[in-house]
Structures are given as structure tokens and as C-alpha cells.
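Work out the full structure, taking the sequences as your base and the hints as a guide.
Protein chains in written order, with the numbering used here: chain A, 1 to 226; chain B, 1 to 226.
None of these hints come from the bench; they were simulated from the model. Backbone N, C-alpha and C define an ideal beta-carbon position, used for all residues, glycine too. None of the hints are false.
Some chain A residues judged to face chain B by a derived CB distance under 8 Å, without partners named:
(1) Cys124
(2) Gln169
(3) Tyr175
(4) Gly176
(5) Met180
(6) Arg196
(7) Ala200
Simulated restraints on C-beta separations:
(8) Arg86/A with Ala132/B: 39 to 49 Å
(9) Lys55/B with Gly45/A: 22 to 32 Å
(10) Ser207/B with His192/A: 18 to 28 Å
One-sided and incomplete, this derived list gives chain A residues near chain B with beta-carbon spacing under 10 Å:
(11) Leu177
(12) Leu179
(13) Arg189
2 protein chains.
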Amino acid sequence: MPNAAGPGSGAAAPALRKGQTTRAAIVEAALAVARRDGLEGLTIGALAERLQMSKSGLFAHFGSREELQLAVLNRYAARFVDVVLRPALARPRGLPRLRALLENWLGQLAEEIEAGCILIAGACEYDDRPGALHDTLVSVVEGWKGELLRAIQAAQDEGHLDRRADADQMVFEIYGLMLMLHQDARLLRSSHSVQRARRALARLIESARPRTPGARAGRGLRRAQY
Amino acid sequence: MPNAAGPGSGAAAPALRKGQTTRAAIVEAALAVARRDGLEGLTIGALAERLQMSKSGLFAHFGSREELQLAVLNRYAARFVDVVLRPALARPRGLPRLRALLENWLGQLAEEIEAGCILIAGACEYDDRPGALHDTLVSVVEGWKGELLRAIQAAQDEGHLDRRADADQMVFEIYGLMLMLHQDARLLRSSHSVQRARRALARLIESARPRTPGARAGRGLRRAQY
Numbered sequence: 001m002p003n004a005a006g007p008g009s010g011a012a013a014p015a016l017r018k019g020q021t022t023r024a025a026i027v028e029a030a031l032a033v034a035r036r037d038g039l040e041g042l043t044i045g046a047l048a049e050r051l052q053m054s055k056s057g058l059f060a061h062f063g064s065r066e067e068l069q070l071a072v073l074n075r076y077a078a079r080f081v082d083v084v085l086r087p088a089l090a091r092p093r094g095l096p097r098l099r100a101l102l103e104n105w106l107g108q109l110a111e112e113i114e115a116g117c118i119l120i121a122g123a124c125e126y127d128d129r130p131g132a133l134h135d136t137l138v139s140v141v142e143g144w145k146g147e148l149l150r151a152i153q154a155a156q157d158e159g160h161l162d163r164r165a166d167a168d169q170m171v172f173e174i175y176g177l178m179l180m181l182h183q184d185a186r187l188l189r190s191s192h193s194v195q196r197a198r199r200a201l202a203r204l205i206e207s208a209r210p211r212t213p214g215a216r217a218g219r220g221l222r223r224a225q226y
Numbered sequence: 001m002p003n004a005a006g007p008g009s010g011a012a013a014p015a016l017r018k019g020q021t022t023r024a025a026i027v028e029a030a031l032a033v034a035r036r037d038g039l040e041g042l043t044i045g046a047l048a049e050r051l052q053m054s055k056s057g058l059f060a061h062f063g064s065r066e067e068l069q070l071a072v073l074n075r076y077a078a079r080f081v082d083v084v085l086r087p088a089l090a091r092p093r094g095l096p097r098l099r100a101l102l103e104n105w106l107g108q109l110a111e112e113i114e115a116g117c118i119l120i121a122g123a124c125e126y127d128d129r130p131g132a133l134h135d136t137l138v139s140v141v142e143g144w145k146g147e148l149l150r151a152i153q154a155a156q157d158e159g160h161l162d163r164r165a166d167a168d169q170m171v172f173e174i175y176g177l178m179l180m181l182h183q184d185a186r187l188l189r190s191s192h193s194v195q196r197a198r199r200a201l202a203r204l205i206e207s208a209r210p211r212t213p214g215a216r217a218g219r220g221l222r223r224a225q226y
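Spelled out as C-alpha cells, the structure:
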């Protein structure tokens with residue numbers, strides 16, 4: 001995952017700091033617009049109105065609409081890292097960390113049901129529109145899939161998951177459940193989608209547990225949870 | 001699934017028939033545009049240019065852009081019924097029919113990887129835009145989920161799948177695999193997505209097979225396929 005949060009800028013001149021603060025506030029407002037209308041629905045005009053700024057004032061911070069959209073996408077990715085990935089990395093390597101990743105992702109999606117997930121909606125918007133936004137979206141999604149893959153492989157290394165399980169296949173199936181959760185909750189207003197995704201994730205993990213009773217008992221991990 | 005194919009119009013006056021033919025040709029062209037640019041990207045202007053017609057000529061057939069978008073969505077749904085659902089209904093009730101449904105859907109998605117699936121892309125476009133398009137999309141998606149549910153329940157009635165399996169949960173997981181196939185193939189240009197979805201579908205069906213060896217052997221159905 002790209003992490004847009006830069007190093008601290010304690011030594012920056014006050015004018016620069018103020019500029020950065022304004023820029024950050026603009027990106028936050030733009031992120032709210034993009035959640036509602038999609039990255040493609042994010043226009044300088046709509047944002048200027050929302051912020052009660054002039055369009056030229058906005059262009060002073062972002063040279064183009066695409067630059068603003070990219071800043072929003074990177075901000076979203078950085079927050080995703082903070083909320084979903086980073087807390088899980090504090091958990092023990094193996095199944096505990098994988099479970100934390102999945103639970104944090106579920107929690108993030110459950111919160112986003114009203115607003116919409118920029119990564120999932122963006123994948124639909126940009127899957128056939130070449131350009132910087134498409135490329136950034138691909139790198140964010142691939143980065144996140146890479147994190148999931150590493151977590152699964154670590155659980156295999158620790159003996160918590162069967163080494164013969166196809167880790168790439170597991171990433172595919174896990175991601176599909178999250179896409180369905182998003183569609184079911186948003187389009188069909190289903191109230192069961194988080195519960196359904198959680199149940200399927202538990203089954204998926206369970207079916208990849210080592211087959212030898214010794215390995216399972218030896219690790220002290222319980223069945224029927226993920 | 002709504003079926004937009006109306007009854008035959010053999011007795012219609014020639015002028016009416018010609019009007020219907022033109023309308024059908026416009027809808028076909030509009031469907032191609034919507035596959036590329038999304039239903040939201042379908043504009044009367046772009047379509048008029050593609051068809052080398054005047055905008056007013058188009059408006060003679062479709063009173064509004066929304067009417068055109070609805071016609072495209074209904075045409076897509078009718079074709080989906082013809083290609084995915086109807087051939088499967090010719091197969092024996094139970095697991096053979098369910099497998100045919102899933103294989104036809106996979107085939108349809110595999111063909112749509114370049115053009116994009118209107119149902120999946122539309123779900124992202126309209127999940128939070130109230131209106132006739134949203135409502136029609138919801139009814140198409142719910143109708144299709146209903147067909148899948150009925151096919152699973154019939155397989156349970158026939159003893160091909162365990163009656164204790166949660167059929168709604170299976171629909172959720174199956175649909176998620178198809179969403180992931182679409183995203184992986186289109187956004188990430190993965191060449192394995194159809195194969196991964198097929199493998200996961202086989203595992204999903206296999207895990208819902210009856211547990212008693214008698215029931216399985218008695219039906220003469222083989223394992224490890226779906």
C-alpha cells in the first residue's frame with residue numbers, strides 16, 4: 001500500500017505549514033465528495049462551492065482536477081493503512097494477524113456502507129480508463145492484495161494454515177466476499193452482508209487449517225472462528 | 001429476471017415495424033456504448049454521433065436519456081436470460097442445472113471482460129443514486145439472485161446438495177466470486193480470474209454436498225467438479 005503520510009514538517013516555515021494545512025483540509029473535503037459521487041464525480045466546481053472557495057483558490061493548491069483526485073486516492077490509501085493494516089501488524093505473526101486484518105477490513109467496510117468505498121467504486125470507474133488514476137488504483141489494490149498474501153503465507157509458515165493451501169486463491173476468494181458485502185449492503189440494502197461475509201471468511205480459513213490434529217492442538221488455536 | 005423480449009408483432013403495420021427495428025438498432029448501439037462508458041456515460045449526443053443520426057431523431061424514439069438507459073438495461077437483462085438462464089433450464093433439475101447456470105454465467109463474464117458487465121458496473125454507478133435506473137438494476141440483480149437461490153434449493157430438494165446448507169449464504173459467496181473475477185480481470189488484467197472463480201465454485205459446491213456416502217453414491221454424481 002502506498003502511504004501518503006509524509007515525514008513530520010516541524011521545521012517548515014509558517015506560510016508553508018499554513019499552505020499544507022489548507023491543502024489537507026481541501027483533500028478531506030474532496031474525499032467526502034468522492035465517497036458520495038465517486039472520484040469521477042469530484043469536480044473543482046462542486047468542491048469550491050462546498051468549501052466556499054473560488055475555483056482559482058483551489059487551483060492554487062491543485063494544478064488540475066486529476067492532481068486533486070490523485071491526492072484524494074492517496075489520502076484514502078494512507079488512512080486504509082492506518083485503520084486496517086497498521087493495527088493488525090501489532091498482532092502476533094500468523095493467524096492472529098490475518099484475522100485482525102480481515103476483521104479491521106470488515107469494520108472499515110461496515111462503516112463505509114453509507115459513504116461507499118473509494119477502492120471498490122474506483123475499480124469500477126477506472127477499470128478501462130487509462131491514466132494516472134487507473135495506475136494508482138491498480139497499485140493500491142495490488143499492494144493491498146500483496147499484504148493479504150503475505151499475512152496468509154506467514155500463517156502458513158507458522159503452521160497455523162496448511163502449507164498446501166493456495167494463498168493466491170485465498171486472496172481472490174477473500175476479496176470477492178468483501179466486494180459482495182459492499183454491493184449487497186449498498187445496492188440491495190441488505191442488513192446481513194457483514195454477517196454473511198464474516199461467516200464465509202471463517203469457513204474459508206477453517207478449510208485451510210492443517211489437517212493433522214497434532215498441528216492444530218499444538219498451536220492452541222480454536223476451530224470454528226477465523 | 002425481467003424479460004424485455006415482448007411478444008411477436010407479426011400483425012403490426014409496416015411503419016410500426018420499421019419504427020421498432022430502428023428502435024432495436026438504437027438500443028443495440030447504445031448497449032455497446034454503455035458497456036464501454038457505463039450507463040451513466042451513455043449520452044444522446046455521443047450516441048447520435050455514433051449512429052450518424054440527429055439528436056432530435058433519437059429523441060423521436062426515446063423521450064429522454066433515462067428512457068434510453070432503461071431500454072439498454074432491459075435489453076441487457078433479456079439477453080442475460082437468453083444466454084445464461086434459459087439454456088440452463090433445459091438441463092435436469094438439481095445440480096446439473098445449477099452447474100449449467102454457473103458455467104453459463106462464467107462464460108458470459110469471460111466474454112465481457114473487455115466490454116464490461118453492465119450489471120456489475122451499474123451496481124457501482126447506481127448504488128446511491130435513487131431513481132428508475134437504480135430501481136430497475138435492483139430488480140434485475142435481485143431477480144438473478146432469486147434464480148440462483150431457486151436452483152440451489154432445487155438441488156437440495158433432489159438430494160444433490162445438503163438440505164442443511166444455507167442457500168442464501170451460497171448465493172452470497174457465488175456472487176462474490178463473480179464480482180472478483182470481473183474486478184481482477186478488468187482492473188488488474190489478471191489472466192487467472194476465470195480459472196480461480198471456477199475452482200472456488202467447485203469447492204463451494206463440494207462443501208455443500210450431502211455428507212452421507214449413500215446419498216452421494218446413490219445419485220451417481222462425481223466429486224471434485226461442480
